[in-house]
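Residue numbers (our numbering), protein chains in the order written: chain P, 20 to 448; chain Z, 20 to 448.
Any given hint might turn out to be false.
What the hints assert, rightly or not - Listed below are several chain P residues computed to face chain Z (Cβ distance under 7 Å; list not exhaustive):
hint: 1; residue: Met-52
hint: 2; residue: Pro-56
hint: 3; residue: Lys-61
hint: 4; residue: Arg-64
hint: 5; residue: Gly-68
hint: 6; residue: Arg-84
hint: 7; residue: Thr-89
hint: 8; residue: Ala-98
hint: 9; residue: Glu-101
hint: 10; residue: Ala-305
hint: 11; residue: Ala-317
The set of hints was computed from the structure by calculation and includes no laboratory data. Just so you know, these numbers come straight off a predicted model, no measurement behind them. Note that CB positions come from ideal geometry on N, CA and C, so glycine has one too.
What follows is each chain in one-letter form.
Number of protein chains: 2
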Amino acid sequence: MQDTPQNPSSPSQPTPATWPDAHASDPRALGWMQGSPPPADKTIRFDDGSFLRFPQLRWSLSHLREFVPTTAIARAPGAPSELPLALRDDLDALHFTSMHGETLSWREALLRTYYDGILVLHRGRVVQEDYFGEGAAERGHALFSVTKSFVGTLAAVDVQQGRLDPQQPVAELLPELRHSAYGSASVRQVMDMLIGLDYSEDYADPQAGIWDFSRAGGLLPRPEGYAGPRSYGEFLATLRQQGEHGTAFAYKTVNTQVLGWLLERLHGQRLADQISQQLWQPLGTAHDAAISQDPTGAAFGGGGMSATVRDLARFGEMMRLRGHFNGRQVVPEAVVADIEAGGQRSHFAQAEGYRATLPGWSYRSMWWVSHNTHGAYMARGVHGQCIYIDPAAEMVIVRTGSHPVASGVSNDPITLPAFAAVAEALMRG
Amino acid sequence: MQDTPQNPSSPSQPTPATWPDAHASDPRALGWMQGSPPPADKTIRFDDGSFLRFPQLRWSLSHLREFVPTTAIARAPGAPSELPLALRDDLDALHFTSMHGETLSWREALLRTYYDGILVLHRGRVVQEDYFGEGAAERGHALFSVTKSFVGTLAAVDVQQGRLDPQQPVAELLPELRHSAYGSASVRQVMDMLIGLDYSEDYADPQAGIWDFSRAGGLLPRPEGYAGPRSYGEFLATLRQQGEHGTAFAYKTVNTQVLGWLLERLHGQRLADQISQQLWQPLGTAHDAAISQDPTGAAFGGGGMSATVRDLARFGEMMRLRGHFNGRQVVPEAVVADIEAGGQRSHFAQAEGYRATLPGWSYRSMWWVSHNTHGAYMARGVHGQCIYIDPAAEMVIVRTGSHPVASGVSNDPITLPAFAAVAEALMRG
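Input sequences plus hints: build the corresponding full structure.
Structure representation (structure tokens):
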């Protein structure tokens with residue numbers, strides 16, 4: 020559900036050494052969910068948890084709404100915004116060196132990161148668009164924590180327009196959290212993940228909070244006799260503080276869940292409708308997006324969206340153009356400028372897991388900011404989802420994926436040099 | 020999930036005398052699902068079954084995908100087909116006489132049938148479009164058995180194009196059903212609901228087959244220790260014959276479930292993708308539709324679709340124009356002509372429940388055919404869903420609704436004279 024530097028394996032998953040490669044795990048070649056009905060050993064289900072296991076997730080991340088209830092994030096009813104094609108066939112052969120010193124082609128990088136969809140925009144034109152396995156142009160893909168950047172952008176708009184005071188204590192808007200860790204946290208601290216929290220997202224630990232959070236929200240099956248929290252809100256109220264707020268970046272999905280809840284309270288409007296009206300409709304998307312929800316109807320703002328690669332490219336291009344897209348100012352320019360400027364790098368440096376792969380980065384309003392010479396920044400979700408915006412190269416890359424390892428950090432040694440190489444190639448013309 | 024002449028009340032529902040009217044049951048006025056989270060007594064849930072109870076269903080039929088997993092029926096990515104406006108404000112005051120001899124206005128008819136959405140097309144132009152409660156232009160509404168007409172149309176296309184032999188025994192394509200009632204049935208008998216079946220859809224009977232069917236498919240919560248069939252397919256294989264096939268119309272949702280299954284086997288393609296590629300994309304719809312599915316991924320072809328009123332109008336207009344819409348022949352003209360011509364009225368007359376409200380009608384390829392002087396025919400779903408095509412009046416009416424009584428027969432005494440009155444008014448100009 021998030022991007023974590025800790026051991027990213029889910030319980031009872033094989034070790035990385037045994038992962039089959041992209042072709043060997045191609046869900047079509049493996050026959051997952053083929054036939055009516057599929058054979059029992061090729062059926063992927065919610066109730067046995069197989070939908071989030073590798074290699075099954077190579078199929079299910081392109082079909083997540085078939086496993087859990089979702090709310091529609093409606094597109095506008097008219098014609099979609101333009102995404103003109105200027106396809107090039109030279110990118111696949113482009114070579115670069117990974118952080119591990121390995122020389123790879125862009126095509127190899129895509130396969131090594133288990134991509135399901137890739138779209139590269141240069142100056143607003145599609146220079147590459149390609150799908151693998153169950154990835155398809157018209158099919159929404161699970162975005163996991165890329166969702167957070169939508170929620171963070173909405174909150175940043177509210178802050179910029181004066182509807183939301185970033186210094187306000189969260190508990191003033193959400194009194195339900197008064198006795199939780201969030202009782203002493205500000206809105207800005209939540210937006211930038213600067214919350215001291217007794218809560219773990221270590222996927223290797225079956226006792227970690229992330230599993231309890233998922234069961235509370237109905238995103239994982241609950242055991243018989245389950246007596247834990249029965250909604251995201253109930254779970255959030257149980258969280259206890261550990262350490263100070265405001266001093267260190269600590270990436271935890273629950274923070275975004277709080278922020279989405281806060282936006283619903285602020286606007287008196289469901290999160291799906293806020294995303295639809297403020298972003299999805301003005302962007303001129305081609306398909307409705309989706310967001311999963313808990314059994315009380317609360318959206319999973321921390322990581323529940325699914326959308327098509329093309330529609331994500333529209334969102335990324337709007338950000339690259341500092342909010343102006345489809346003939347209108349979708350998001351105020353000041354909001355994008357604030358995200359581009361990033362958060363405090365000293366806060367980010369406190370988090371241990373990113374030193375090797377994201378040195379000098381920061382986190383702002385639920386976006387990951389590189390502070391590299393191109394001013395690149397990203398939305399990132401587990402299993403390889405990302406929107407990468409490179410203002411200097413006038414480039415946006417959207418990649419969906421179904422990498423066996425959840426954490427983005429595990430594929431960053433290939434992903435980040437590969438994206439930089441594509442940027443350089445596009446700048447050369 | 021279907022349209023039945025028997026007692027349509029779900030178990031433990033109040034009697035019709037106590038139904039609040041449209042305004043008194045307006046889900047917005049009642050505060051259903053408002054607030055984050057909504058108050059416990061205003062929360063509608065899947066796991067307690069409240070999502071299908073009245074008045075909660077006035078909210079949930081506009082949000083069905085929030086309660087059960089669904090597959091997307093993808094639209095084409097480009098601009099939607101034209102639905103030009105030619106709005107008139109004189110229809111609401113139009114008066115007609117119901118089958119009970121009551122004089123009502125069209126506006127009263129809409130409210131008395133608990134409409135959520137209404138769209139009237141005349142010569143391809145929108146003369147009326149209006150929503151109530153949770154109904155909204157961009158929001159898909161549960162269609163229930165209107166779904167059947169999509170499945171029936173696809174099967175009729177396959178028959179017309181020679182891919183499907185209507186005389187072929189069903190069990191040749193679906194050997195899993197060899198020992199069921201369908202072992203001795205032909206494809207055509209299934210398409211026209213001429214199957215003798217030991218199976219009841221009496222909503223008042225908690226032991227009726229329709230509930231077992233729904234639990235097997237995961238559309239109703241299963242009790243702890245549930246040991247029944249765990250998919251639609253498993254349930255269908257348990258059905259036993261009662262009486263002859265081919266002699267009498269007997270409306271049962273399971274027949275369409277068999278037909279949808281058969282289409283998946285025939286094409287080696289999921290039903291959602293067949294509907295998308297053969298109908299939804301060529302029609303130039305504006306939104307993805309949805310179809311619910313069982314825990315093995317099998318689509319609920321008997322009644323699982325949700326779609327917007329406008330997109331349904333596109334489907335209806337395509338049928339009115341004998342298959343030609345959006346600049347192409349979406350469905351062969353011969354298929355529409357065969358549906359317009361209807362089934363055997365003597366078969367239909369064998370079914371007792373329709374004699375008062377649908378005298379002289381027939382059923383063909385999952386469409387209800389009036390044989391009236393206008394040649395009108397309908398797709399019908401419980402709680403008031405319908406697409407009404409009146410070729411003589413060059414009119415299509417789409418209505419979505421959340422009537423407290425499931426059966427369409429209960430609202431036909433108002434609905435059918437009202438539709439006829441609108442047709443007459445439009446023909447007068």
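Exercise. Check each numbered hint from earlier against the structure, then list the numbers of those it violates in ascending order.
Key: Per hint list: 3, 5 and 9 violated.
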